[in-house]
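*Asks:* Chain residues, written in single-letter form:
2 protein chains.
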Amino acid sequence: MIPAELLRKKRDGAELSHDEIAWFVKGLTAGDITHPQAAAFLMASFIRGLSAAETAALTLAMRDSGTRYTFTTAPKPKVDKHSTGGVGDKISLPLLPLVAACGVAVPMISGRGLGHTGGTVDKLESANVNMDVDNKRGSELLAKHGGFFAKQTSDIAPADRILYHLRDVTGTVESKELITASILSKKFTEDLDALVIDLKVGKGAFMDSLDKAQALAETMIGVAKEVGLRMRILFTSMEEPLGAKIGNWLEIEESLDTLENQHTSPQDISELTARLAAAMLIAGGIAPNVNEALNVVHTAWASRKPLDIFHALIAEQGGDLAGSKTKYANLPKKAILAAKDGVITGIHARMVGIAGIMLGAGRQRTEDVLDFGAGIVFHKKCGAEVKQGEEIGYVQGTRTETFEAAVTHIAEAITIEHGSYTKPPMVLDEWDSAQ
Amino acid sequence: MIPAELLRKKRDGAELSHDEIAWFVKGLTAGDITHPQAAAFLMASFIRGLSAAETAALTLAMRDSGTRYTFTTAPKPKVDKHSTGGVGDKISLPLLPLVAACGVAVPMISGRGLGHTGGTVDKLESANVNMDVDNKRGSELLAKHGGFFAKQTSDIAPADRILYHLRDVTGTVESKELITASILSKKFTEDLDALVIDLKVGKGAFMDSLDKAQALAETMIGVAKEVGLRMRILFTSMEEPLGAKIGNWLEIEESLDTLENQHTSPQDISELTARLAAAMLIAGGIAPNVNEALNVVHTAWASRKPLDIFHALIAEQGGDLAGSKTKYANLPKKAILAAKDGVITGIHARMVGIAGIMLGAGRQRTEDVLDFGAGIVFHKKCGAEVKQGEEIGYVQGTRTETFEAAVTHIAEAITIEHGSYTKPPMVLDEWDSAQ
Chain A
1 MIPAELLRKK RDGAELSHDE IAWFVKGLTA GDITHPQAAA FLMASFIRGL SAAETAALTL
61 AMRDSGTRYT FTTAPKPKVD KHSTGGVGDK ISLPLLPLVA ACGVAVPMIS GRGLGHTGGT
121 VDKLESANVN MDVDNKRGSE LLAKHGGFFA KQTSDIAPAD RILYHLRDVT GTVESKELIT
181 ASILSKKFTE DLDALVIDLK VGKGAFMDSL DKAQALAETM IGVAKEVGLR MRILFTSMEE
241 PLGAKIGNWL EIEESLDTLE NQHTSPQDIS ELTARLAAAM LIAGGIAPNV NEALNVVHTA
301 WASRKPLDIF HALIAEQGGD LAGSKTKYAN LPKKAILAAK DGVITGIHAR MVGIAGIMLG
361 AGRQRTEDVL DFGAGIVFHK KCGAEVKQGE EIGYVQGTRT ETFEAAVTHI AEAITIEHGS
421 YTKPPMVLDE WDSAQ
Chain B
1001 MIPAELLRKK RDGAELSHDE IAWFVKGLTA GDITHPQAAA FLMASFIRGL SAAETAALTL
1061 AMRDSGTRYT FTTAPKPKVD KHSTGGVGDK ISLPLLPLVA ACGVAVPMIS GRGLGHTGGT
1121 VDKLESANVN MDVDNKRGSE LLAKHGGFFA KQTSDIAPAD RILYHLRDVT GTVESKELIT
1181 ASILSKKFTE DLDALVIDLK VGKGAFMDSL DKAQALAETM IGVAKEVGLR MRILFTSMEE
1241 PLGAKIGNWL EIEESLDTLE NQHTSPQDIS ELTARLAAAM LIAGGIAPNV NEALNVVHTA
1301 WASRKPLDIF HALIAEQGGD LAGSKTKYAN LPKKAILAAK DGVITGIHAR MVGIAGIMLG
1361 AGRQRTEDVL DFGAGIVFHK KCGAEVKQGE EIGYVQGTRT ETFEAAVTHI AEAITIEHGS
1421 YTKPPMVLDE WDSAQ
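Chains A and B, in that order, are what the protein sequence lines are.
By our numbering, the letter at position 342 of the first sequence is numbered 342, and the numbering carries on one by one without gaps.
To convert, count from 1 in the second sequence and add 1000; that's our numbering.
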């Protein structure tokens, strides 16, 4: 095969075969296909589109460009959850022990945060959790605890890293097929039986409308069907930040509170965690429908078994929750005050995420160093009545010189109006590749 | 401006502005725009197409990426000819002195041969002609001889060199807009008043049908109109090789014979040279129409003034025609024999060009070293009757180990049939941006 001939074919709108795509991605990873050739491929794929079979072939070729997990120990269904990214989205943390307690094995491999959304790896590293988990160690943790938290190493889908960077610089990011291949190639290295996608929709999300999210979901479901892996997709609202706390350690704290007591946890966190857990039980074949799955989830949650699993797993992975709690207590704080009387009708999640970057809770560039204790805490969220000058929440951290700008930015993200507020539903739609 | 934003715009089919294209090409030349970004631009431009204004902007940006000639000495119209490439196409050599003798100034900058077509630079270097001609030297030669032969240096349109290579590896060669920008960007550095294009059509050419050639011509005329330069395009037949001789020194030899006597020169060489010369006179404003232009051309040709100009110019540029003639005389030869009785109805020009590469008369790769004396001579061409075993022509050169394969290849390129043969017209069509 000759790279230019393959590019010519895609250029003219023809469908590439599984073997052609596999050959191209293998060559790219080996350095035989050059970055300009890959860039031309991305542009042609963007404009001409990729069929479900092509997208599946690209996903599998990218998955196979590096190492893969193969777990031998787990008789349980192996299911993971991927979120397309939100602000304050710490759901992975309570979710893993909750579904593990219900009989699903969760090999959870996550990335770092970049831009306005946080990353599970950074959150857990704020509590010193060691996330270097190889195949052997992963098998042990799956057998012992029903799950593990791992970080994506450079061995996982290296072709994705090349293409991800090239998409960024060549203006080919917003392709639903290329997004699908990027997300799924990494998740498919986890030796999964099923995958749940939390597809965020709204002002704080990459997909700002349900239409766009559904178009991406169709592509993802197409690939799942092509490769024979069950996929369940929840379309969930991402307008205001999730929960009351945003920041790496702060989100561990809120996760612990959530596992401690479902009913005192912020309502959005509680609902989304339960719904995603139910989806994982259904996708894993443990429960037949949402109602029955939710019953199993609520029973497990009330048993405190998930909290025990979380503590045991974090300890086994080297984390120190008590020590971190002490370490990040009593940080400098600055209040966020209500600009006027009224009802909070909006907290712009993306703007709050940007404020998090200002404080050092998130990264603008890969090389930025985080302040693990930094973040934002809301006392009041959408629907709450406030008086002018009342404390809506506060920022905290060690970089106090950033407080003023961050607080101003957050105040601008908050809309206060006279009148009433109706909360959008948390789950907007739910799809399943098996239905 | 941000490269990815500009690529996004072209990706979605919008028209880029003159300034955007100029900025992109300038950045590419400076190294601020990366090769992957340029590759993505080429693919998007190929699929979405470029408007006449975009193609003109790209052409001018590429022209301005390096040095340009500005001649101050010539009151005569400055006109050059570009051929899209044929086998045995040595027309530039007799053409320059012929039109110079008619009062047109010809600053002729050429490239080397690559693939099955030859290059003017290689041909003249077989006679030791020094083709490093800078602006000052060019002005002198224009004033003294009415023209000069120069080779394209790395200072000329460096952006074209980058894009040319990237088109090759990314499968984006066959775009009429990108071809147009590549050709014209280089020619437009010559400070021209007008340009004549010899657009080859047929089995030996890049464009194998008149339709395709006309589509390319439309794009070229569009750019000429945008930039206000007169362009005349001749669509000429390239089925069998041009003339009787193919090879670097051999084509100098045939050019000398042609200038010596128009009437004993091969008919195709004589006709094409006269028609292109007439086109240059018309484009330069020296003659109003083809008939009047041809009268001027034939009169000049008969005067032997063109032959004198050629000798004087070559001598002034350091060439040694007499010495080269001695040097390449009496080279080893091998006959090409007729496979059967009949009439020659086809000599596949591209296949003959490939045989030339085998012999060392042409290059497969840029770094190949040529055998200047090597080549092919035909005694008989299309329309001639032959007997089985009769000598149709011969190959010559110093690499005798290649003779057998080259002769076999040429024999396969020759079709001999019973019946008659009708020669296609040399000039298939003629367009002018001013008409």
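Source of the hints: derived by calculation from the structure; they are not laboratory data.
Think of the CB as a built atom: it goes at the ideal place given N, C-alpha and C, for glycine as much as any other residue.
Please note: incorrect hints may appear among the correct ones.
[Said to hold, decoys possible] If you want the footprint, here are the derived chain B segments under chain A, 3+ residues with CB under 8 angstroms: (1) 1027-1037; (2) 1161-1169; (3) 1237-1244.
*Asks:* Confirm or reject each hint.
*Replies:* Outcome of the hint check:
no. : hint      : verdict
1   : 1027-1037 : holds (count 4)
2   : 1161-1169 : holds (count 3)
3   : 1237-1244 : violated (count 0)
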